[in-house]
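Novice: Use these hints to put chains C and A onto chain U, whose structure you have.
The primary structure of each chain is shown beneath.
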Amino acid sequence: MTDQVEVAEGKAAGWSDWWRSGKPLVWLNALAVALSISAVAGLLALLAVRGLAHFWPAEVLAFEYLDQGVKTRVVGELIRRESPSSDGLEAASEQWLVKTGNRRVNPPDFRWYARDGIANLRTPADLVVVERREWGRAYGRLRALYEGDARVASGERVWAEIEARREQLQSLRAAAADVQSKGVDAIDHALEQLRIERRKRAFDALPPSLELVFRERELKERSAEYEQQLREIHAALNRDRLHLDTMNGERIELPLGDLIRIWRPNQMSWSEKLGHYFVGVRLFLTEGPREANTEGGVFPAIFGTSLMVLLMSVLVTPFGVLAALYLHEYARQGLLVRIVRIAVSNLAGVPSIVYGVFGLGFFVYFIGGSIDELFYAHARPAPTFGTPGLIWASFTLALLTAPVVILATEEGLARIPRSIREGSLALGATKAETLLRVIVPMASPAILTGVILAVARAAGAAAPLMLVGVVKFAPTLPIDGHFPYIHLERQFMHLGFHIYDLGFQSQNVEAARPLVFATALLLVMVILLLNSSAILLRSRLERRYRSSYQD
Amino acid sequence: MSEQGAAEFEGLPSSAPAEEICLQVDNLSLAYGDVQALKNIRLDIAKRSVTAFIGPSGCGKSSLLRCFNRLNDLIDDAKLDGEIRLGGKSIHAPDVEVSELRRCIGMVFQQPNPFPKSIAENVAYGLKLHGALPQSEIDDRIEEALRRVALWDEVRDRLGESAFELSSGQQQRLVIARAIAVEPEVLLLDEPASALDPISTLRIEELIHQLKDRYTLIIVTHNIQQAARVSDYTAFLYLGELIEFGVTQAMFTNPQDQRTEDYIAGRYG
Amino acid sequence: MRRPLAFRRRFVDALLKHLAGMGGGGVIAIITLIFGYLLFVAAPAFKTPSVTELDIIDAQAAAALPTNPASHAPLQTRQRVFGADDTYALLDADGYLNFFPSRPPRDGETHPPPPSHAWQSSASESNFEPKFSFVPLIVGTFKAAFYAMLIAVPIAVLGAIYTAYFMAPAMRRLIKPGIEVMAAMPTVVLGFLAGLWLAPLVESHLTATLLSFIALPASVLLLSRLASLLPDQYARMIEPWLGALSVPLIALMVWLLFRFDAALESLLFSGDAQYWLRTVLGLDYDQRNALIVGIAMGIAVVPVIFSISEDAIHGVPRHLTSGSLALGATPWQTLSNLVVPFASPGIFSAIMIGFGRAVGETMIVLMVAGNTPLANMNLFEGMRTFAANIAIELPESEVGSSHFRLLFLSALILFVVTFAFNTVAEVVRTRLRKRYASL
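Chains as they are written, first to last, in the working numbering: chain U, 42 to 592; chain C, -12 to 256; chain A, 29 to 467.
Watch out, some of these pointers could steer you wrong.
As the list claims (entries may be wrong) - Straight-line alpha carbon distances no greater than 25 Å define the calculated PhoX-like cross-link-like pairs of lysine-lysine that follow:
| id | chain 1 | residue 1 | chain 2 | residue 2 |
| --- | --- | --- | --- | --- |
| 1 | C | LYS115 | A | LYS45 |
| 2 | C | LYS66 | A | LYS45 |
| 3 | U | LYS261 | U | LYS241 |
| 4 | C | LYS26 | C | LYS104 |
| 5 | C | LYS66 | C | LYS26 |
| 6 | C | LYS76 | C | LYS34 |
Keep in mind that the hints were calculated from the coordinates and are not lab data.
Since this is a predicted model, take the numbers as computed values, not measurements.
Excised from the complex, chain U in its bound form (with noise of 0.2 Å):
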């Protein structure tokens, strides 16, 4: 700034002195950059919390609650307060809404209390939380365990019992699990498989095999020990049974096979809770969903995304690096190398939306449909490839993302000093040994932060994803242990999509809403890391160049 300036700013005691300096506008700059930093970190901390608020064991609350002059008690936790400013009129009291879970035998499990009625809060001890599979969560009071008919414990103790069968169920599960993925599962392949091959020889017009008939006589044999393998680890897992009772003197019965967790909060030390809690972000990234999604865990989602992430990498990658070594190093700079890069540009531009639309059509109407009538004529009309899944999205998003590693690689290519591939040129290289030996071997720190750009960008995209292959819920995972192995046709579930689901599908919005903010951060926070890698990537690169090369 100048000493013009000063003097100036030194008489700035009027107002319209003080608005001709200009400071006023640059303070007014400073709140919109103000405002773009406080949304960033705003949104981020509301995410963190209420993500990370979803795991915490919260207390249990008991009341009694009046109504009407209906006198009710009441069990469960408090989800939130909300103040009455929203309706001036009435002097209303501050509402509470509470999850009071028991879904089965005292539906809704999420119910509002005006706090004026409610009176008598306490924190009991011995209340439990249950986490189940079917129904949501339970709370209530211990009441008895049951062996078949026979009591086994009952009040305090049956905890203890709880606790003593635990690595029993834990076995039972793991057998389960057994029968089914080894037996039952392969079976059921085994059967798809000849039925699709009864199909081949019909569509072949072959008379039917006497040996298909005996194979799948076999197997549905085989088939039926196993059930009856799994029916007997059920009935020993669902032998014993937890009796529960509730607040208003509902007994709920829990065969010990169905529990998940069982937990009391109220009585829980602090190291107790944090246990608890990495438990439960260990299930959330290791389990299934259940319950329509709005409980469990996003384990198919993480798996779905990484794969199909996985794929793209494979076949953006080398699109983006070829497009950028004709851009950098093979095109004369001209008019055609001008409309590619618009092309790129227009390529990054264009809504995901319309990828979207066109993966729909192209990839899987035409191409899906044009490989079933070539391949797989004897499953039609079922679609085999012809239907959204796992290769389209990832082929989808390949194009979506190509733009990215083009110009990150281009960018790296630039920052290559030219003196380099004279050095290698004048040794008596070929151009391509050039490239192939020095020039991109020096890039691939710029092609590696394109690709983690591109990843993190596939990661995050839910609108194409949505009409090309992702599902609310795939019942299979697109790898297993049936040939091919990887299967390419199926649908898979994807984080981004998952989060929309459970946002906006779901019937029970207040269950759902814990999971989508976890859901949500976990996203968020794999792709700031992603991009925070690839930022890092690009400035080490930058600072490794610029003290090797100074010209």
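Specialist: Same frame as chain U, now just chains C and A:
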């Protein structure tokens, strides 16, 4: 060895006279688009000698140097007329392989440009391109090349380290070793010492002296004293034209052309 | 030097060259393929069976064409008709294109429903006639993008000016990547936060939300006035750090406004802002509305515009600005008279790219806009955009039906519009880059 190699596929008699011509530039003109960089250059370069190209910036000396190994081919709008002959054969003949030509005519650049590889890999880079050699042979050649540029004793214990660990003087000698490892006949040096400190410059100049009994060297320099110190012949270029060419000592003591005299006297930079 | 090159070396050289050429050509091929395929699917919506283009002036003329699906159209107004096997399109008297599936006239029916500028693809009643007018979708798309830009452009451009020109370099190194990380934020997350958290919050605190748009700038201006009374050296010291110093101010103001929302509401709107809107201004209020879309999509678009404009402003050569400062201009005068005009093509292309994003953004609109195909510009009502409409209806649409083709047509429209915006932006940016390089 290089002689043999050259003789083998150039078909030259192995008993060449001392003042045998290695490179012939015949009426060479070069234009970048509309800009005429070189005009009707004619000169012969003697085998196993040091020829220096001097002249003010932009006079075309580097452009001329880059004609010898056809690096100008990389520039889209470069247009060349006339001929350059290596051992009597045109380097632009259709049956000439550019990469073979560039192996025969090595080049060292103004900035040291080692590849981001280890010291040994840098020297071996050219060797590995031109045919499969057993590792022991490669190791021997690396050692020989590094010895010839007097770098061996400095780096023998750290051949696996990155070439960027070396000082820029060492890097420049490494780059020369890299160039001579593929046994060229001619070595082009494009202001090889301009980015170096005085001591490193001195070592490069010593090196040039030693290399000339095996290779034909052409050096571009803007340092007149350097040209006087290292070269046998000097060519003075000005605005794309070859003004004067002759034995260095004669030219520096008794320049024939007024412009040469002015330049040597430092009247244009 | 005449020794021929080993076949392997020659082969690899040629191979890589051709592969790279294919990579470069692939980019153009992909763009062409996307455009061509969308057009290929969508085009039959315009195909005419027998009459290429028909101006129907009166009912008699129309009746003479019994096979034409438009023959039972309302004919009081002059219309232009395009037909296809299963669709016909009317360019009605107002100049709007409306699509109808063609079918034989039903018993006792002389006129199908008149073109109503509505998008209604399915309904529960059995003799329902789908209505495919793009009017509500065009209005909705434009409305969403407009309100998003209304919020994003000032924040992004002003923020870019401050960051590039006034901010302390140490802070700039942190802030710029920080805001750019925002660009990586998945829009599905933004959409879900806006739909599930922000929309109810704004609904219950409407007064506070609307007041923040005035109160934040006002409070900053007030503070600036107070700061101008400070001794000069202090004022100059804080200026580069204002970007961070204003954050607590924003937090405080927002907290105050939301804390005293009820009091403000009764003061300004006699107790109920939504009631006031409805009775005094005649505006309906939806929980998921254009205001929320504007905020959420604005946040999504800000990093794009910010990043490109900041580059453009920061790239203005210093010797230009120091020349102006040396002549005695204040930094603000230098900025507004020299720097911003110089960088304006960059800012312009940033806004174009941002607008392209906003037009095609799907997830945020899908989750926040309510998705009712309304054709109005009311800030407090929702809308349905082309992108959201595709996301909702394409999975359910019957392949090859006119509905299906029209959804492809809307994707084509999105493609063409964003293509135009991006191409203009890219050309402008390339020119600007050359201008910077020449200085």
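Novice: Against this structure, judge whether each hint is valid.
Specialist: How the hints compare with the structure:
1. A hinted pair counts as satisfied when its Cα atoms are at most 25 Å apart, and LYS115 of chain C with LYS45 of chain A qualifies at roughly 21 Å.
2. Distance hint between LYS66 of chain C and LYS45 of chain A is fulfilled; the C-alpha atoms sit about 23 Å from each other, no more than 25 Å.
3. The suggested pairing of LYS261 of chain U with LYS241 of chain U holds, with an alpha-carbon distance near 21 Å, which does not exceed 25 Å.
4. Taking the CA atoms of LYS26 of chain C and LYS104 of chain C, the gap is about 40 Å. The hint is violated against a cut of 25 Å.
5. Distance restraint check for LYS66 of chain C and LYS26 of chain C: the Cα-Cα separation of roughly 12 Å lies within the 25 Å cut-off, and the hinted pair is therefore satisfied.
6. A threshold of 25 Å between alpha carbons decides the hint, and for LYS76 of chain C with LYS34 of chain C the separation of about 15 Å falls inside it, so the pair holds.
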